[in-house]
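Visitor: Sequence:
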Amino acid sequence: RNPRGRSQGPTTPLGHSQMHTHCLFWICVLFASAEFPQPCPKVCLCKEEARFVNCSGLQVLLLCGNDIAEVERGAFQSLERLQKLDISGNMITVLGSSFSAGLSSLLELSLSHNRIQHNCIERIRFKTFLTLQTAGTHILLSDNPWFCDCDLQRVFSKLHSVRRLVLDRYENITCTEPAVLRNIPLASVDTQLCAAEMATVLIITITALVSVVAAIVMAERNRRRRTGKHWSEDNELSYSIHW
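Using mature numbering (1 follows the signal peptide of the UniProt record, and there is no 0), the letters of the sequence shown correspond one by one to residues -34 to -1, 1 to 209.
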């Protein structure tokens, strides 16, 4: 547990035999305090007079339970060696497409226990994860207040289709909204979320088609009335000539 008494959330093995560097990465340019709270980690470059820390060699970054509400663009730009990023247990609602920029070595990303609700363009973007270029990146997205609908199903379907991405504990992802699906695992309803939308589209299409056909029939009847002919007269004439 961290000093604030919050759980660091579930983690998965990195599957890497290297010795990992474990240290808390202080993203603090221009510290308010006059001194660093702890000695500079060996993998980092610290300039106390400038209140600046450079940890470009960092491999493990644990930021869980820190009340982080937003990850700024390019926050991890220089961490090309980072293999594990845990930002679970925060208040993140927004992930931009540049979120994973620079994380070319990332093997594990935990976003569980945050406030990600939907896949709207301003919340979570499919392209966010496409920028990850490692052979297999494990992503944890459980325990977020997901709004389960057809759009969300499409996003997770795309994530499943990317071979280099692994959605860990997908069976633990549950719906919060709509109320009828609350606490229901997404995996048990994901194939049904688009069914209602497809049925609605089909009904609208059929209705439009029937309306067009009816309009054509009515127009033809009106034309026959103006010319004084019954709609079947042309057919009878054609039949007589053919005979």
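Worth double-checking, as some hints may not be accurate.
SDA-like cross-link-like pairs, simulated, lysine to any residue; straight-line CA separation at most 25 Å [what the hints assert, rightly or not]: (1) K124 <-> P144; (2) K124 <-> V178; (3) K124 <-> R81; (4) K124 <-> L147; (5) K124 <-> R135; (6) K124 <-> I172; (7) K124 <-> L175; (8) K124 <-> L159; (9) K124 <-> T142; (10) K124 <-> R148; (11) K124 <-> R189.
Cβ-Cβ distance ranges computed for the label pairs, FRET-style [what the hints assert, rightly or not]: (12) N20 <-> V60: 47 to 55 Å; (13) Q43 <-> R81: 43 to 51 Å; (14) T173 <-> T142: 52 to 60 Å.
Since the hints were made in silico from the structure, they are not lab data. Even for Gly, the Cβ is constructed at its ideal location relative to N, Cα and C.
Visitor: Could you run down the list of hints and mark each one as holding or not?
Guide: So, going through the hints one by one against the coordinates:
A hinted pair counts as satisfied when its Cα atoms are at most 25 Å apart, and K124 with P144 qualifies at roughly 22 Å. Under the criterion of a C-alpha separation no larger than 25 Å, the hint pairing K124 with V178 is inconsistent with the structure, at around 36 Å. With a CA separation close to 21 Å, the supplied pair K124 and R81 stays within the 25 Å bound. Our distance criterion of 25 Å between C-alpha atoms is met by K124 and L147, whose separation comes to about 22 Å.
A C-alpha spacing of about 17 Å is found between K124 and R135, which places the hinted pair at or below 25 Å, so the restraint holds. With a C-alpha separation of about 29 Å, the suggested pairing of K124 with I172 is violated against the 25 Å cut-off. The straight-line distance between the Cα atoms of K124 and L175 is roughly 32 Å, outside the 25 Å bound, and the hint therefore fails. For the hint linking K124 to L159, the alpha-carbon distance of about 15 Å falls within 25 Å, and the restraint holds.
Between K124 and T142 the CA atoms are separated by roughly 21 Å; this keeps the pair inside 25 Å, and the hint holds. Of the pairs offered as hints, the one joining K124 and R148 holds, with about 23 Å between alpha carbons and a cut-off of 25 Å not exceeded. About 52 Å separates the Cα atoms of K124 and R189, which puts this hinted pair outside 25 Å; it is violated. Judged by the Cβ atoms, the range 47 to 55 Å given for N20 and V60 is violated: they are separated by roughly 26 Å.
Here the CB-CB span from Q43 to R81 is close to 24 Å, at odds with the stated 43 to 51 Å. At roughly 34 Å, the beta-carbon separation of T173 and T142 lies outside the given 52 to 60 Å, and the hint is violated.
Violated hints, listed in ascending order, are 2, 6, 7, 11, 12, 13, 14; each of the other numbered hints is respected by the structure.
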